[in-house]
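Chains as they are written, first to last, in the working numbering: chain A, 1 to 299; chain B, 1 to 299.
By construction, these hints were calculated from the structure, which means they are not laboratory data. Nothing false has been slipped in among the hints.
Derived lysine-lysine pairs resembling DSS-like cross-links, with alpha carbons at most 25 Å apart:
| hint | chain 1 | residue 1 | chain 2 | residue 2 |
| --- | --- | --- | --- | --- |
| 1 | A | Lys-249 | B | Lys-167 |
| 2 | B | Lys-227 | B | Lys-276 |
| 3 | B | Lys-3 | B | Lys-73 |
| 4 | B | Lys-73 | A | Lys-167 |
| 5 | A | Lys-291 | B | Lys-249 |
| 6 | B | Lys-249 | A | Lys-167 |
| 7 | B | Lys-276 | A | Lys-249 |
| 8 | A | Lys-73 | B | Lys-167 |
| 9 | B | Lys-227 | A | Lys-227 |
| 10 | B | Lys-187 | B | Lys-142 |
Protein chains: 2
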Amino acid sequence: MDKSTISERYQLIQDDICHALERLDGRASFVEEPWTREGGGGGRTRVIQGGSVIEKGGVNFSAVHGELPEAIKRAFQVNEQNFFATGVSIVLHPVNPFVPIIHMNIRYFELNDRVRWFGGGIDLTPHYVNREEAADFHRQLKAICDRYHATFYPEFKAHADRYFYIKHRQETRGIGGIFYDRLTPEKTSLTWEAIFDFSCALGNGFVPIYTGLVEPNRHHSFSDNQKQWQYLRRGRYVEFNLVYDAGTKFGLETNGRIESILMSLPPHAGWTYDFKPEPGSAEAETLSWLKPGIDWLEP
Amino acid sequence: MDKSTISERYQLIQDDICHALERLDGRASFVEEPWTREGGGGGRTRVIQGGSVIEKGGVNFSAVHGELPEAIKRAFQVNEQNFFATGVSIVLHPVNPFVPIIHMNIRYFELNDRVRWFGGGIDLTPHYVNREEAADFHRQLKAICDRYHATFYPEFKAHADRYFYIKHRQETRGIGGIFYDRLTPEKTSLTWEAIFDFSCALGNGFVPIYTGLVEPNRHHSFSDNQKQWQYLRRGRYVEFNLVYDAGTKFGLETNGRIESILMSLPPHAGWTYDFKPEPGSAEAETLSWLKPGIDWLEP
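Bound conformation, chain A alone (with noise of 0.2 Å):
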């Protein structure tokens, strides 16, 4: 399994993502931008833009190789000085905010025959949590993560909460998900292939994922205020990205491609002073279920 073996799975997977969520929103189409790293490889940013569905999204790939940027050495604390990235990134800003925004990421990353790994997740951002949708969507994930690992699920769902956590709002980003970072047979048992495979089934598991979040809300009636919250937590979403996210970060220190990077921010946000939601509204409900360490799964 060499890296042209995965970089041209993720293209597929990439291309598949692109045409089911294509046929999904029914409206709109992506614009591809095919862009080259002066350093080496380079990439196929597609976004799409007021669709029916999504109001504006990215699914990216990117296959990027060459010297090692001095950021990542001292990041990584290595020596080397050749690097491979190879990605699919996808964020989903939808225009119904009883539809919720979604993320995913697989990636693998190789700096010499012992020093290499793979990495990514899933995570949701419900505008409005509904309980059921929530269980739903992380029975979904520990169903792929089960088929490999019966640590995958628990430690990633972990690991998601800690991640997607506004530090200074106290509370998720969203309902969270799965989220794995350095995955290597060592840690894991299982083989690099199945570590690859486990990051395709992700992958394939995306569309399902979110069509099921898509056709039940899509037409969902909704108000001007309703509209005004999802602005509200889609500034939530800004913040996130730009105070915490490590991708971002590095993307903006080392400067990579700023419009792909960018791809995540939503097409509006936001922000009211000192807003609070009235007790007992959905908002309010929305709120307390912003909190790290929910077992969804529980009956």
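Once you have looked at the hints, place chain B on chain A.
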């Protein structure tokens, strides 16, 4: 000139500015939220929303003291146990895209008799750069500076250019202004009283300066596309404040009062993938002005 002289004077400046801005707006009023800090001191956060001129803005006063947080000890490389800090901080996001966003801050910080300083500045972020208004803005700042020291304007103007720079976009936040920090008698050959007086002159200059930018533009007609452009410019403002602004970062890291810190964020902001204004348009012209090092006073 002791701490309470400074903080009392700054409070009066906050009062004057709020009254004048309410008169200028004519519709909305400030809502005050007094707060106290666990470690000592507190402040008066004043926010105005939904006005005829100001869509969202804040004029905050604070005077805090107590044990020096570890983060500051590290940042300043000092071992002092106690600190005092007071200041007035303003950000106004106007309704009309032809009225610029403005930011002002005056502050005083003290560790002991030897380690203390003044800081602050005023800078302007027009959604549409008007060359004459920009020059006039800089001329007014220079006039205030020149009353105190011939080097203030050129030094503080250059400092603002360096500081209000969105590195990942390679553009300035706006047309700059002045920014100064750690101002002391040793650095300026002025007395503490004169430096304090300079900061008050800036505070008192704020209303006439902003009024001169509001009055000619508040009834300027604008299209939906121009409002969308305003959202994009506000998006850049969000990027600067969350990624680079020292005060914001410091507030988030030291568990400051989050709603007061983030009152600087706009009511609505937007991100469009890879938006490029048409060559020759007013939007493209504005972008061409967002570079450091422009001499606005050049005839």
